[in-house]
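Full structure from sequences and hints, please.
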Amino acid sequence: MRLLTAVSVAALLGLSAGAAQAQSYKIFVSNERDHTISVLDGDSLEVIDTFETGRRPRGITKTPDNKWVLLCASDDDHIEVYDAETHELVKTLPSGPDPELFVLHTDGETLYIANEDDNLVTVINIVSGEILAEVPVGVEPEGMGVSPDGRYVVNTSETTNMAHFIDTESFEVVANVLVDSRPRIAEYKSDGSELWVSAEIGGTVSIIDPEAHEITEKITFEISGVPQEAVQPVGVKIVEDGSLAFVALGPSNRVAVVDGESKEVLDYLLVGQRVWQLNFSPDESLLFSTNGASHDISVIDVAEREVIKSVGVGQYPWGVVAVPME
Amino acid sequence: MRIHASAPLAVLLLSVTMLVTPAAAQPAHQDESWPCIQRKVPQLQPAQVWTGPPVEEELRLWRNDREIATLVSQLASRRMPIEEARERIAEFAEAAGAQKQERLTLLFAGLFQRLNNERGRIVRGIERYAENQKALSEAIKNTREELASRQEEEGGAPRRDGSIATPRRDGADATPDDLQDNLRFASDLDEKLYWDTRIYDERHRALTYVCDSPVIIEQRLFALSRAIQQHMD
Numbered sequence: 227m228r229l230l231t232a233v234s235v236a237a238l239l240g241l242s243a244g245a246a247q248a249q250s251y252k253i254f255v256s257n258e259r260d261h262t263i264s265v266l267d268g269d270s271l272e273v274i275d276t277f278e279t280g281r282r283p284r285g286i287t288k289t290p291d292n293k294w295v296l297l298c299a300s301d302d303d304h305i306e307v308y309d310a311e312t313h314e315l316v317k318t319l320p321s322g323p324d325p326e327l328f329v330l331h332t333d334g335e336t337l338y339i340a341n342e343d344d345n346l347v348t349v350i351n352i353v354s355g356e357i358l359a360e361v362p363v364g365v366e367p368e369g370m371g372v373s374p375d376g377r378y379v380v381n382t383s384e385t386t387n388m389a390h391f392i393d394t395e396s397f398e399v400v401a402n403v404l405v406d407s408r409p410r411i412a413e414y415k416s417d418g419s420e421l422w423v424s425a426e427i428g429g430t431v432s433i434i435d436p437e438a439h440e441i442t443e444k445i446t447f448e449i450s451g452v453p454q455e456a457v458q459p460v461g462v463k464i465v466e467d468g469s470l471a472f473v474a475l476g477p478s479n480r481v482a483v484v485d486g487e488s489k490e491v492l493d494y495l496l497v498g499q500r501v502w503q504l505n506f507s508p509d510e511s512l513l514f515s516t517n518g519a520s521h522d523i524s525v526i527d528v529a530e531r532e533v534i535k536s537v538g539v540g541q542y543p544w545g546v547v548a549v550p551m552e
Numbered sequence: 059m060r061i062h063a064s065a066p067l068a069v070l071l072l073s074v075t076m077l078v079t080p081a082a083a084q085p086a087h088q089d090e091s092w093p094c095i096q097r098k099v100p101q102l103q104p105a106q107v108w109t110g111p112p113v114e115e116e117l118r119l120w121r122n123d124r125e126i127a128t129l130v131s132q133l134a135s136r137r138m139p140i141e142e143a144r145e146r147i148a149e150f151a152e153a154a155g156a157q158k159q160e161r162l163t164l165l166f167a168g169l170f171q172r173l174n175n176e177r178g179r180i181v182r183g184i185e186r187y188a189e190n191q192k193a194l195s196e197a198i199k200n201t202r203e204e205l206a207s208r209q210e211e212e213g214g215a216p217r218r219d220g221s222i223a224t225p226r227r228d229g230a231d232a233t234p235d236d237l238q239d240n241l242r243f244a245s246d247l248d249e250k251l252y253w254d255t256r257i258y259d260e261r262h263r264a265l266t267y268v269c270d271s272p273v274i275i276e277q278r279l280f281a282l283s284r285a286i287q288q289h290m291d
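Which chain is which? The protein sequence lines are A and B, in order. Quick note on numbering: the first sequence equals residues 227 to 552 in my numbering. Quick note on numbering: the second sequence equals residues 59 to 291 in my numbering.
Just so you know, these hints were derived from the structure itself, not from any lab. A few of these clues could be false.
Label-pair distances were calculated between CB atoms; the ranges are [as the list claims (entries may be wrong)]:
#, chain 1, residue 1, chain 2, residue 2, range
1, A, Lys444, B, Ser271, 32 to 38 Å
2, A, Val365, B, Asn175, 38 to 44 Å
3, B, Glu152, A, Thr385, 51 to 57 Å
Beta carbons are placed, not taken as given, at the ideal position from N, Cα and C, and that holds for glycine.
Listed below in structure tokens is the structure:
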């Protein structure tokens, strides 16, 4: 219940001091309605810059070398590349129509982009800007995940309700798994043993065996006093060792904390309104949630499983990524 | 009577476009009569914005507490900037002393009920708004069909410059009075079509604002709840 306790303040200060000794970082948040990115300092957790982007910025990620921030400018039908240090626009890349989400392959150069209006996944090389392939998938593609070994990229289609496994050598769909209604996010465990797919309307997270292409378990969510239709799983993040996962539950305004092994829901954290996407700080000590309707991000202490701060950003924050700075 | 320069075809296309737009903009899983892109949520539940103690009892009692009732009224008003509301909540928490938990819970109950009721009234208003729009679109469709039927019967479109319409298809000459009556009637229909379409169009343009109203109230309730919870142990 407490949003800011003495313990969490101490934890926050401790983390800040630790972070200062280790590596500093920035947090980039795409603001869908404002057409901007808010930049927060990872130590102070305060907004240090806000800059304009293309129209309707949504999906956001970074390159492995931490030099570039990549952004889906959905209504401008392209990808924008920003310098993570200076926040200058480096270049734009073709994306196909209405890019919503993307995932960068483990090679650090091949970007898989979900084209929501075109039922395609467009594959580009972010260095050359060359379009490598257009892969037909289900209706309204959205979620994108890459297997840790880079063999597969998984796309979820909102209307077809499937997870499509795309072979990254042939750029062909090699398997489909039917999941619950309106799948939003596909997230692998770092050891590649499980693929977690959230279903916004179905209200579940399906755990898929990525080799057998079968659902092995389903996680459901029940929050006392909250109407079930408000429990809409979207963003999913799993810690590196697979022991803990976090699931954003949309208009229930909660993030679920899930045991990565037993799949038991351990806690529900009240964050902001219409919580959407999640991402970790580089050391995974903090988790950031974008809260679309309350126009802020929440900062969750991963170890304490506690919300320690909320920070106002732009209108309808959508995606978030933390980028280490040299 | 005013004769408008708008072409009947343009009016027809406009009204057809408007009739299909709300449904197209709507998620498939939702109540089809609900005109907003936002999901229809008739009532909020305390747990959506609150992790404190249960408030069933407090929802009945808060109005009996004059200080709480006055503060609820002030905090709920959007005239009070949210920063000022947070300061007022902080002052209230400090003044409550040892009773802080109970008093803050009672304050939340009052704010929740007040804003949830206000939001509920707006949601019902949006439903009526949608029903009116549906009735108006039906009226536009009927007028358009009647106008088209008249035009076919008269063998051509009524002229807007007051000249005599073309003869009937049976070859019989209409009397000047007949033709004047027909022209007047068609002009009345055209006038009605123009105004109904314009009203529909203006209401449609206001839809985004109308649909945002419950969201704005929910945002205020969430911000106030969060401010209250920050002062609770």
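Taking the hints in turn, this is what the structure says about them:
no., hint, in the structure
1, A:Lys444 - B:Ser271: 32 to 38 Å, "37 Å, holds"
2, A:Val365 - B:Asn175: 38 to 44 Å, "40 Å, holds"
3, B:Glu152 - A:Thr385: 51 to 57 Å, "53 Å, holds"
Of the numbered hints stated above, none is contradicted by the structure.
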